[in-house]
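2 protein chains.
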Amino acid sequence: MTTGQCTRHPFDAVLELEFLDGRGVRGRTVPEYANMVGPFGGATAAVLLRAIEAQPDRVGEPVALTVTYAAPIAYGEFDVDVDLVRINRTNQHWMARLTQGGEMKSTAMAIFGTRRQVWSDTEEVMPAVGEPHAYPVAVWPPLVRFLHNYEARVVDGGPPTGEAAPSSVSTFWVRHTPARRLDFPALAALADVFFPRIFARLGRLVPAGTVSMTTYFHADAAELERVGEDYILATARGHRFAGGFFDQSAQLFSRGGALLATSNQVVYYKASGLQ
Amino acid sequence: MTTGQCTRHPFDAVLELEFLDGRGVRGRTVPEYANMVGPFGGATAAVLLRAIEAQPDRVGEPVALTVTYAAPIAYGEFDVDVDLVRINRTNQHWMARLTQGGEMKSTAMAIFGTRRQVWSDTEEVMPAVGEPHAYPVAVWPPLVRFLHNYEARVVDGGPPTGEAAPSSVSTFWVRHTPARRLDFPALAALADVFFPRIFARLGRLVPAGTVSMTTYFHADAAELERVGEDYILATARGHRFAGGFFDQSAQLFSRGGALLATSNQVVYYKASGLQ
Numbered sequence: 015m016t017t018g019q020c021t022r023h024p025f026d027a028v029l030e031l032e033f034l035d036g037r038g039v040r041g042r043t044v045p046e047y048a049n050m051v052g053p054f055g056g057a058t059a060a061v062l063l064r065a066i067e068a069q070p071d072r073v074g075e076p077v078a079l080t081v082t083y084a085a086p087i088a089y090g091e092f093d094v095d096v097d098l099v100r101i102n103r104t105n106q107h108w109m110a111r112l113t114q115g116g117e118m119k120s121t122a123m124a125i126f127g128t129r130r131q132v133w134s135d136t137e138e139v140m141p142a143v144g145e146p147h148a149y150p151v152a153v154w155p156p157l158v159r160f161l162h163n164y165e166a167r168v169v170d171g172g173p174p175t176g177e178a179a180p181s182s183v184s185t186f187w188v189r190h191t192p193a194r195r196l197d198f199p200a201l202a203a204l205a206d207v208f209f210p211r212i213f214a215r216l217g218r219l220v221p222a223g224t225v226s227m228t229t230y231f232h233a234d235a236a237e238l239e240r241v242g243e244d245y246i247l248a249t250a251r252g253h254r255f256a257g258g259f260f261d262q263s264a265q266l267f268s269r270g271g272a273l274l275a276t277s278n279q280v281v282y283y284k285a286s287g288l289q
Numbered sequence: 015m016t017t018g019q020c021t022r023h024p025f026d027a028v029l030e031l032e033f034l035d036g037r038g039v040r041g042r043t044v045p046e047y048a049n050m051v052g053p054f055g056g057a058t059a060a061v062l063l064r065a066i067e068a069q070p071d072r073v074g075e076p077v078a079l080t081v082t083y084a085a086p087i088a089y090g091e092f093d094v095d096v097d098l099v100r101i102n103r104t105n106q107h108w109m110a111r112l113t114q115g116g117e118m119k120s121t122a123m124a125i126f127g128t129r130r131q132v133w134s135d136t137e138e139v140m141p142a143v144g145e146p147h148a149y150p151v152a153v154w155p156p157l158v159r160f161l162h163n164y165e166a167r168v169v170d171g172g173p174p175t176g177e178a179a180p181s182s183v184s185t186f187w188v189r190h191t192p193a194r195r196l197d198f199p200a201l202a203a204l205a206d207v208f209f210p211r212i213f214a215r216l217g218r219l220v221p222a223g224t225v226s227m228t229t230y231f232h233a234d235a236a237e238l239e240r241v242g243e244d245y246i247l248a249t250a251r252g253h254r255f256a257g258g259f260f261d262q263s264a265q266l267f268s269r270g271g272a273l274l275a276t277s278n279q280v281v282y283y284k285a286s287g288l289q
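Note that the protein sequences, when read in sequence, are chains A and B. Its first residue numbered 15, the first sequence is counted upward by one per residue in the numbering used here. Its first residue numbered 15, the second sequence is counted upward by one per residue in the numbering used here.
Excised from the complex, chain A in its bound form (with noise of 0.2 Å):
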């Protein structure tokens, strides 16, 4: 038996944040949640909305979070800036900048607010589709690290199978490994987990990465906490590709088919030739 030991969830490593003066906070990339080159767009997401958050002043829960991915981020400490923009009666607008040796590597607008007893209405439907443990397990490349933080089941479009696709439609269930329970800084990670949607539509890999990422999430804290490690059902796919730059929409629900984010990126991508 081992006494006073407890292993923490990698993803509350990327969480991890050193109070600075003022409102700034300093944190760490984290190889477990390293992407093919530097960290996964969705850490990144998370790490931001969690400086926001734990502003001493915050009011309310996330509504919306734009994260800019202007440059890569290196391995190692960042540093992120954050500023209270405008307090309004049911929210508040907040702005963050992630820097590392004084060089802009993302920015993010955030909306907190304060949500209220008022007609309430999901229009979005979940799509129909079985139980998690009727689809097989996502095998992913090993070298992609992050991936292996999450257990995908893959209920369409999986990983790149070297065949061209008409469809970029992945839908998938998936939950944290090893388990961890839903928060929002998870959800907004989430929002990110699938790979670009030029790899389904080409069944290969090419040079590709998050330009811009807009989730606006639609759960409450209760309702995470509702879902806590359970699986959620996470569904994507591109609209246009054009020129170097697509667009993908995802869709997040839980088991019971609440609609928990809704979340749409703009991505670079590099295919020469017709395929």
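Hints in this document: simulated from the structure, not taken from any laboratory. Possibly wrong hints are sitting among the right ones.
Just a sample of chain A residues kept apart from chain B, beta carbon distances all over 12 Å, derived [claimed, not checked]:
#1 Arg22
#2 Arg37
#3 Glu91
#4 Trp133
#5 Val139
Partial list, computed: chain B residues near chain A (C-beta under 10 Å) [said to hold, decoys possible]:
#6 Arg111
#7 Glu117
#8 Thr121
#9 Val183
#10 Ile212
#11 Val225
#12 Tyr230
C-beta: ideal position from N, C-alpha, C; glycine also.
Since chain A is already given, all that's left is putting chain B on it; use the hints.
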């Protein structure tokens, strides 16, 4: 016969800027583009995009634009500070802040990029609809001035009728009236032409306003030039209305079916009781 006279389109008045020292510009709200409270959010998006587009060292065309609406803009003059945050090989990251009397009203983040000859494809299919003249022209409330600059032919989901509806979808053929060519600022404004989807669901007007909007531009300038003054097909819907915030997405197509832009926004709303 009049000589040397020409009538400026009111949308070109929206885009008229005075260049100050450095990167700053000064603009003015235009009465024809007033919304119920303050200027039309689409006009704000357009002028912020224009303030960046007009910078002498801007390279490429708009790829992404996120605008946050932090506080109501008063009718009259405003200042925009523009900042080039990052230059990459194929894209530039820009920020802009709209202030009035030093008070922050709106922020923008924009990516400009250079499109290249690479594999390209549109996956999103334009809804199957008839020609514009097969549909009635929408009759807007006289109070919403900006809408009178657009001729919208209602394919589906016209102005609120007093009846609640299970779907928030609206689909319009839309063009400027009087006629005006389509350019990037005009496209940025058109992405916001839809009334808040909560009105469609409840069948009536409730207090609502865009908090943040993100538009991805898929068309290049040549494609917009081919559209010219013609109708575009614009369709929008909401996904989840939750505790005072909802999201809505929009797609804008050329008559030939080219996906010109996709846009998403999160909107604040009030709606007490069950309906």
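Quick rundown of the hints versus the structure:
1. Residue placement check: A:Arg22 keeps its beta carbon more than 12 Å from all beta carbons of chain B (closest about 32 Å).
2. With a minimum CB-CB distance of about 16 Å to chain B, A:Arg37 clears the 12 Å threshold, and the non-interface call stands.
3. No beta-carbon of chain B is positioned within 12 Å of the beta-carbon of A:Glu91; the least distance is around 20 Å.
4. With 12 Å as the threshold on Cβ separation, the claim that A:Trp133 sits away from chain B is violated: the shortest Cβ distance comes to roughly 4 Å.
5. Once the 12 Å rule is applied to beta carbons, A:Val139 is inconsistent with being away from chain B; the minimum gap is 10 Å.
6. The restraint placing B:Arg111 at the interface with chain A holds, with a minimum CB-CB distance near 9 Å, inside the 10 Å limit.
7. The closest approach between the C-beta of B:Glu117 and any C-beta of chain A is roughly 9 Å, which is under the 10 Å cut-off, so the hint is satisfied.
8. Taking 10 Å as the C-beta contact cut-off toward chain A, the hint placing B:Thr121 at the interface holds, the least distance being around 6 Å.
9. The restraint placing B:Val183 at the interface with chain A holds, with a minimum CB-CB distance near 9 Å, inside the 10 Å limit.
10. The beta carbon of B:Ile212 comes within 8 Å of a beta carbon in chain A, closer than 10 Å, and the hint placing it at the interface holds.
11. With a cut of 10 Å, the hint placing B:Val225 at the interface with chain A holds, because the nearest CB-to-CB distance is about 5 Å.
12. Interface restraint check for B:Tyr230: the shortest CB-CB distance to chain A comes to about 4 Å, inside 10 Å, so the restraint holds.
Comparing the model with each earlier hint shows violations of hints 4, 5; every other hint is respected.
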